[in-house]
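Please work from the sequences and hints to get the whole structure.
As they're listed, the protein sequences go chains A and B.
My numbering applies: residue 6 is where the first sequence begins, and numbers increase by one.
My numbering applies: residue 370 is where the second sequence begins, and numbers increase by one.
No lab work stands behind these hints: they were computed from the structure.
Relax, there's no trap hidden among the hints.
The calculated lysine-lysine pairs, modelled on PhoX-like cross-linking and capped at a C-alpha distance of 20 Å, are:
{"hint": "1", "chain 1": "B", "residue 1": "K623", "chain 2": "A", "residue 2": "K17"}
{"hint": "2", "chain 1": "A", "residue 1": "K17", "chain 2": "B", "residue 2": "K622"}
{"hint": "3", "chain 1": "B", "residue 1": "K622", "chain 2": "A", "residue 2": "K70"}
{"hint": "4", "chain 1": "A", "residue 1": "K218", "chain 2": "A", "residue 2": "K234"}
{"hint": "5", "chain 1": "B", "residue 1": "K619", "chain 2": "A", "residue 2": "K66"}
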Amino acid sequence: MPVIEVKNLTKKYGNTEALKGISFNVEEGEILGLLGPNGAGKSTAIDILAGLLTQDSGEVKILGKYVEEAKQDMNIVASYNWLTGLMTVEQNLEVYGRLYGVMDIDKRISYLLGLFELTEIKNKKYQKLSAGQQTRVNLCKGLINSPKVLLLDECTASLDPHLADKTRKIIKSLKKNTSILFTSHNMHEVEELCDRIAFLQKGKIVWIGHAKKLKEIHKKRTLEEVFIKLVRDEL
Amino acid sequence: MKFYRVNALILKYWYIASRRLDRVLDTFYWPLIGLLVWGFTTYYISDLVQNNKVVDFLLGGAILWTVFIIAQTDIGIYILEDFWSNNVFNLFASPVKNSELLASIAIFGLIRSAISFLFLILIAYLLYSFNLFKIGVLFLGIFASSLILFGWVVGIFVTGLIFRYGVRVQSFAWTIGWLIQPFSAVFYPLSTLPVWLQKISMLLPTTYIFEGMRNALSSYSIDWKSLIISFTINILLLILAYAFFDSSIKNAKKKGRLTRFLE
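Below is the structure:
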């Protein structure tokens, strides 16, 4: 049974059709990359999967349950949303740890802070952190409940090459217990991390499968070249 | 409802409140200023009219009004705190239920109201020798409970407005309580209002409480019927306010207002 099951999802904002009946699955231990140009509908799809947006039609099942019932075993990290600025890094993680009912919160927080090289700034207010530090704290929050399903929406934006590489390694290591839906505009990152990719354009999935196959079809060396070709051909 | 999630949110509001001077001011400073102004003014008026009860009525009104206003504003303001820090996204992506969110803010507001209430009672006693406890702890508790309940009603309604229309309506969180005040007979009897306004006032649970307070202060008796009416209106309005809040969240999820900062 797929861990994430999306069937014929549609969403309209006024007259704009953001999603036009997309369907895809994410299997256990798989990282699926959701790619597409700006405005293709990636964030809309992720927001629906996170239970923050309701679809007009279609169905989403996560771990065989509707989103609201699955939230305990999920988490999300998005580059465009933050934690509470007035609270310290540790306080933010403590609150989210408690919200998700994490046992032995202190141990979990300390492990995650160490993993993302944040131990020294644990008592700093979130609003005083650099963009890169905030991104890493967001990732800690995303992993606080050891989620079985993780939604990552451009989560590595603003990380320097060293930390981005380290974060990719961490994400890869999660695969054993976590299924991930991943969006990024960094094609190198997508190629390195994702088992399959779904290419979204104007609210429709125009291709889904392995990156290697997609490159072969379009006779391109890199995913970035394929991305540019697909977007420009459409234009 | 899971109490560990309610506790987690109360902890969060405590962390925020302890770092914000304006939240401390909300609890002590503004209520104290109100009490000082009302206290000295009423002493002056009581000298003019030779009626000691005026002091009791106005100070009692000022203290009990604070209980309502803190319970009401807290609900809106702590939700707004999540909007201001662009944290609504993470909050609603977590397993928190609407009822848990409201319960945590309501409990936090209840604690702040109680602290402010006791602080004002103490100050009124020290400065004006006015002891609100003379109407009885039980009655005082009943009056305060009804006002807190109505504070939650209005706070939940305002929060529903914020989720429906965005932070552009955030000023309601501070102002809507004061809109209710003139019709609640806080500082003057209901009979002072024009007859048509009295009819509107009688739809507000606060009116019965402040009328009841004056009755208790002057005759040390309680009109139970009025209290039952006050609580009944509160319960009905609480159900309606929660339904409105719940539908506002559904509306916000439909329109995508939880995913980006609500302008």
